[in-house]
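I would like the entire structure built from these sequences, with the hints used as guidance.
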Amino acid sequence: MSPAHLLTAALSVSAVRGGTLSLPHIDYLTILPELIFLGGALVMLLHSALIRRTMDAATSTSWALSAATAALVASLVQWYEVSAHGPKVAVAGAVAFDGFSVFVTILVSSATLVAILISHSWLEREGVRGPEMQALMLVSAMGAMLMGAANDLIMVFLGLEILSIALYVLAAFDHRRPASGEAALKYFILGAFSSAVFVYGIALVYGATGTTNLPQIADFLSRNLLLHNGLLLGGLALLLAGFCFKIAAVPFHMWTPDVYQGAPTPVTGFMSAIAKVGGFAALLRVFVSSFGLLRADWQPAIWVIAALTLLLGASVALVQRDVKRMLAYSSINHAGFVLLGLQAATSRGVSDSLYYLFAYAFMALGSFAVVSIVGAKGDGNHRLDAYRSLGRRHPWLAAAFTVFLLGQAGIPFTTGFLAKLAVVEAAVEAHSVWLAGIAMVSAVVAAFFYLGLVRLMWAAPAADAPVAGAPAGAMASVGAATASMQPAERVSAGALASPVGTAAGQVSGSAAGSPAGAGSTSGEEAGSTSEETEEPALSTPLGVGIAIALCAGVTVVFGVIPAPLLDFAHQATLLIR
Amino acid sequence: MIHHEPEFPFLTTLVLLPAVGAVLAALVPRSISKEAERRLVQAIGLVTTLLTLALAIWVTVRFRVGDGGYQMTSRHSWAATLGISWHLGVDGISLFLVLLTAVLFPVALTGGAVKQNPRSFVAWMLLLEAGCLGSFLSLDVILFFIFFDLTLVPVYFVIAGWGFGNRSHAATKFFLYTFLGSALMLVAMVALAVIHDSQTGVFTFDLVSLAHTHLSLSDQVLLFLGFTAAFAVKAPVFPFHTWSPDAYAAAPTGGAVALAAIMAKLGTYGIIRFDLTLFPRATVDLAPLLLTLGVAGIVYGAVVACVQRDLKRLVAYSSLGHLGFIVIGIFALSTDGLAGGVLAMVNHGIIIAAIFLLIGWIYERRGTWNVKELKGLQRPAPILAASFTVVMLAAIGLPGLNGFVGEFLILLGTFVAHRWWAVVATAGVVLSALYLLWAYQQAFHGVADEVNAQTRDLSWREGLLIAPLIVLIVLIGVYPKPVLDRITPSVNDLVAHVDRATGAPAAPKIGYRAAAPGRTRRLP
Amino acid sequence: MTVPGAWYLGLSVVLFAIGALGVLVRRNVLVMFMCVELMLNAANLAFVTFSRMLDDIGGQALVFFVLVVAAAEVVVGLGIVVAIFRRRQDATADDFHVLKG
Amino acid sequence: MSAHILAAVSTVDALTFAVSALIVLAGAVGVVVSRHPVHAALMLVMTLFGVAVLFVEQRAEFLAAVQVIVYAGAIVVLFLFVIMFLGVDRRESVAAEPLRGQRPLALVLVVLGFAGLVVLGAEAHWSVGAHSVAGVARGQAGGNVAALGRAVFTTYLFPFEVTAALLVIAVVGAVVLARRPPRIAPPTEEVPFEGADVARPASGEPGGSERRADGEPGGGRADGEPAEPVRVGSPSDPRPGGETSVEVSR
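Residue numbers (my numbering), protein chains in the order written: chain X, 1 to 577; chain F, 1001 to 1524; chain P, 2001 to 2101; chain H, 3001 to 3250.
If you are wondering where the hints come from, they were derived from the structure by calculation, not from laboratory data. All C-beta atoms in this analysis are idealised placements derived from N, C-alpha and C, irrespective of residue type, glycine included. There's no promise every hint is true.
[Claimed, not checked] These stretches of chain X come out as covered by chain F in the derived footprint (C-beta under 8 Å, 3 or more residues):
1. 402-413
2. 418-429
3. 565-575
[What the hints assert, rightly or not] To give an idea of the interface, some chain F residues facing chain X are shown, with a C-beta separation under 8 Å as derived from the structure:
4. 1078
5. 1080
6. 1146
7. 1184
8. 1299
[To be verified] Cβ-Cβ distance ranges computed for the label pairs, FRET-style:
9. 3107(H) to 1080(F): 52 to 58 Å
10. 1500(F) to 3115(H): 54 to 60 Å
11. 3107(H) to 1289(F): 48 to 54 Å
12. 3115(H) to 83(X): 45 to 51 Å
13. 431(X) to 1080(F): 19 to 25 Å
14. 224(X) to 2004(P): 19 to 25 Å
See below:
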């Protein structure tokens, strides 16, 4: 802490006193991934401006992928650097370069990599051209990285805005669906409102402490006994409200279901992973490291927010009929779990929250990758009914989705289980036993709808649910289903067991999804009177297939061999500055 | 206590073998024909379960008689940051439950006819076997929780996918009840580890370490309730049983066998392994409550079973009564009661599995479980009737069959300390004889009408499946010594542990309680 | 002596409250958006006031960044409004509320 | 106490503050209550101007200039441009409640906020933090602009650089959003959501906003939240009530 303080102080004093402007030293390694993302976006835009035709998806994806890969490599180099030489504060105290920030950077860059793969398939399918979507994703991810590395409240704010403003545009990206624009509008209004609240919070904290630099705030608080300082408490409350908007915690969650539903599915996946990671990264750093001394003041608030978030997210998700809405509420529930780690306000809590974010990001991305495929052309097919007997039509796709859903439900041997266990451990350790109990109850409720969806996917078409309209239609479709059972059943059977299966299976599987879809829907036209329309044969392009395989791999492999990832998150908090 | 053996990891293999089989079954290539797939998958299932059985027998053979501690332990760091280790071990209490699991799964897998989707069924069942074995062998509480939880998913899908009647409702009910219970148990587990951490500075979920945690009585009671919530739901103990008749009735035969014979034992096993080891004082303090619940379960199960027309539900309620017996055996907290409880767990597993198989076959022939519609099956199906008679008599507790040995020991252990509970429980025995005999009479006696007269007798395959169970029923009934020899030392250790922790003898000792290792017990 | 900072802060709080209230009660997107600008201005006023009270230039620098953010937000926000609005004209649909909740 | 302070404060400063504060508040209230978006925008200019005066009063001359140039000059003009471009310059009926329960909710929130403030005021101490952490604001060679410039290029160098990303997003975003959508937008392509009220014919039904209740059974949703349509009307639709067309309600 003290080096940070000294450095900043020294810099500012010398700059002002000298009269001449001595620019601060910039250690480019500390901000390399951010620069790569921004640079990648600029290069893409420049390239598209120079060529005559609109840039096709393959070109822009290769640019974006290279940028994400480069950023990932750079962040791994950063990790090596931090492990070897310890944390530090860089670029005039604006950036923290520690295990925490590098963890977030690695997570964000790898999640962006996956999101770009998903978006590629979407762009190709929808026939959207141009580099804008992926460029915006890169810049937006850069915002999330900045939030993780921010060492100053104004950096948190700027990161937040970069992240959010790009997401507003991304949410509105699908011109053809009215829902997209409306989602963006709603997201924008509430986002701008929450940013204003957040800025006011910064202002009050600034007034109370005299600085916005996080270590300096902590330093000030440790040297001055501030009991019940109205400015500080008010500022803290407003900061918390601003953060809660971003991470979609109750009661500031209202935008989530609509925006998740309305935004293009790859964007929803990106948003659910990156925005949450960024928001929580900043929230954890600001509250635990800077305002840790005031934890007695904010812990009760987090307790209440976490409890509400857990319960509301899980219970409202139960009644959703739209998969994207359901996943939106489930993401609210997950936010509650991450808040458990924050509420603990311990180093362990922070590392467990980080681990949870890592696990969640890939499960969410994987889920939305599947949803994106099932959404089919037009990206509108997101009713729960669309998933009925998906296992018969596309066994590997359904198997992957099963992995993600079971992971989110917290079934053992997935990262989801260990993540839930970890945050519960942190909460109990911090004597929040009741909160841990509430969390587990909400996990049970949540498991219920995850399993319901899993069962729907593996259920026989229109077998034990009254969806088909007329009895005659139902009979006909059952008959047709039995007729087509021979091939369909064979393909479906295998994947049912693969929640425990190896990740190796997923890799081949997601690629194999497309041939399986070909002859699957023979029995569907029978029940034409009902609202059950003919299910389209889905195609799983390579890009999204790889993305799903990656996510499933992370979820299962690190669920079975958890030590590396757990240690990684643990190290990240040990190396906090 | 722990014997580290740097040799072949028997127990790990035992757990992983079915899991590998499950993966293999799931990965059977799709290019082959449906019939070939069915055969291949069933072969995989059978071979895997038989290999597991062979390994379990080998473990039993290697088991050192007279040693009450954990044997053949294997311990590896798994998720060190979270305090979880891969710690497996077997002792006299878990040994026969493991063996039981290994014996019953091949039977369960092949016992019921699974028409559709054999691949998934086999895969889920093998996964379930891995989960059950893992639960019985875990010496790390979180590892136990993981396997305990992992059993829920296969059962959910087995009931929902291959069940009868209102199967999705039953599956959901089962899942919600048991998952809710286990969720609270997880919190209690973590709380225990945190307390242990605050005392020793070591964050671990290792059962052996946690057993040395000093807990205040109020903490013990709270944690005990947290753990017991899960076990009581799983067992099921009387007021928490409401999911079980539905789930048993809805489950396919194989699933019902697994559910009633093995998974129910997870609950009672958990009580013995965790409640008694970790919270001895709370166990002693709360024993009257649990005894009451156990007795209530016996009486309630018997009474409700009396009015059932549906054979499967009748068996489900009778199972509730038997579980009540096991519970009072455990909470008698004497060597006899506890050893009887463990033995009764094994016995009940064998008996209930046999019953579910038999009535499953009756259903396959007649398409009903309603005793009103069954009549005079004895004449067309004599072997079926004979098997049913033996099994039923074992369930009633006829001397010479295995049911008697366990129940007798339990009553013996309970009677001294808790006389009135034992007396009421005995009434349960009488009642259970009543309804089982009545059901038998309804279904098998009398003159068969036209439909019932067509009933096939057991095929040789079915005979082959039921035969080992009947052999076991008789064998344990007449010669329980080898089993008790292995159970008793561990039970002695456990009772001594409880006594030490409570400072006073938990229950008056009788006669030959302090059987030295290796010394055999004579049956009265 | 100048007016005490507390007065400025009081003004800033009231301005912030009026802006927040406006966002909550109005339903015209543009007006809501203007109310957000009011809130940002309240924050800026607070920053400048604190900057004076603390004799610290940092507060003024922060205002600078808030201004940049506000400008970027306005561009994107109005862009979204325009984009949606134009589609309405194209589609001549007057009443979809696709998103509810 | 206030008399004491008033005595100490110079009349000019007090007068300036009072007048600007009045302007600021009047403008703010005007933004919230004015029915006409153009009026609201003009009121916003008034507030911005008042704030700029207060900046000058507090020795933040550069920011005051930026406030007038960027805010009043650019941002509000952009607002006005959009208002005119969209033709959404009709009145919004302030009396009609946007959503059942929204205003009471807002009222409750405001009351709660005030209560919190009162509690905070009664319970809390008020003190400001450390002085001149990022550099003194007054008495520097070159005055306010130089001091600000130093701060921005030293302490706040990285935040300053990072704003570049914001501007990139703004530009790209504007391009993306301004792109003409392809001419296929039948709303029926949208898969109906749970209420299925989208399946209503997309055209030929005038006066949309008055019928909004009929599409939503019970006005609420299964998930327990109030219905929140985001509706944007067309300027050409003949609305009897003269409702403003671009509306959002939560």
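Going down the list of hints, with the structure as the test:
1. 402-413: holds (count 4)
2. 418-429: holds (count 7)
3. 565-575: holds (count 4)
4. 1078: Check passed: Cβ of residue 1078(F) comes within 7 Å of chain X, closer than 8 Å.
5. 1080: Since the shortest Cβ distance to chain X is 6 Å, the answer is holds.
6. 1146: holds, 4 Å
7. 1184: holds, 6 Å
8. 1299: violated, 31 Å
9. 3107(H) to 1080(F): 52 to 58 Å: Once the Cβ atoms are compared, 54 Å apart, the range 52 to 58 Å for residue 1080(F) and residue 3107(H) holds.
10. 1500(F) to 3115(H): 54 to 60 Å: holds, 58 Å
11. 3107(H) to 1289(F): 48 to 54 Å: holds, 52 Å
12. 3115(H) to 83(X): 45 to 51 Å: Given range 45 to 51 Å: holds, Cβ gap about 50 Å.
13. 431(X) to 1080(F): 19 to 25 Å: Holds, at about 24 Å.
14. 224(X) to 2004(P): 19 to 25 Å: Roughly 22 Å apart at Cβ, these two residues keep to the hinted range, so it holds.
Hint violations for this structure: number 8 only, all remaining hints satisfied.
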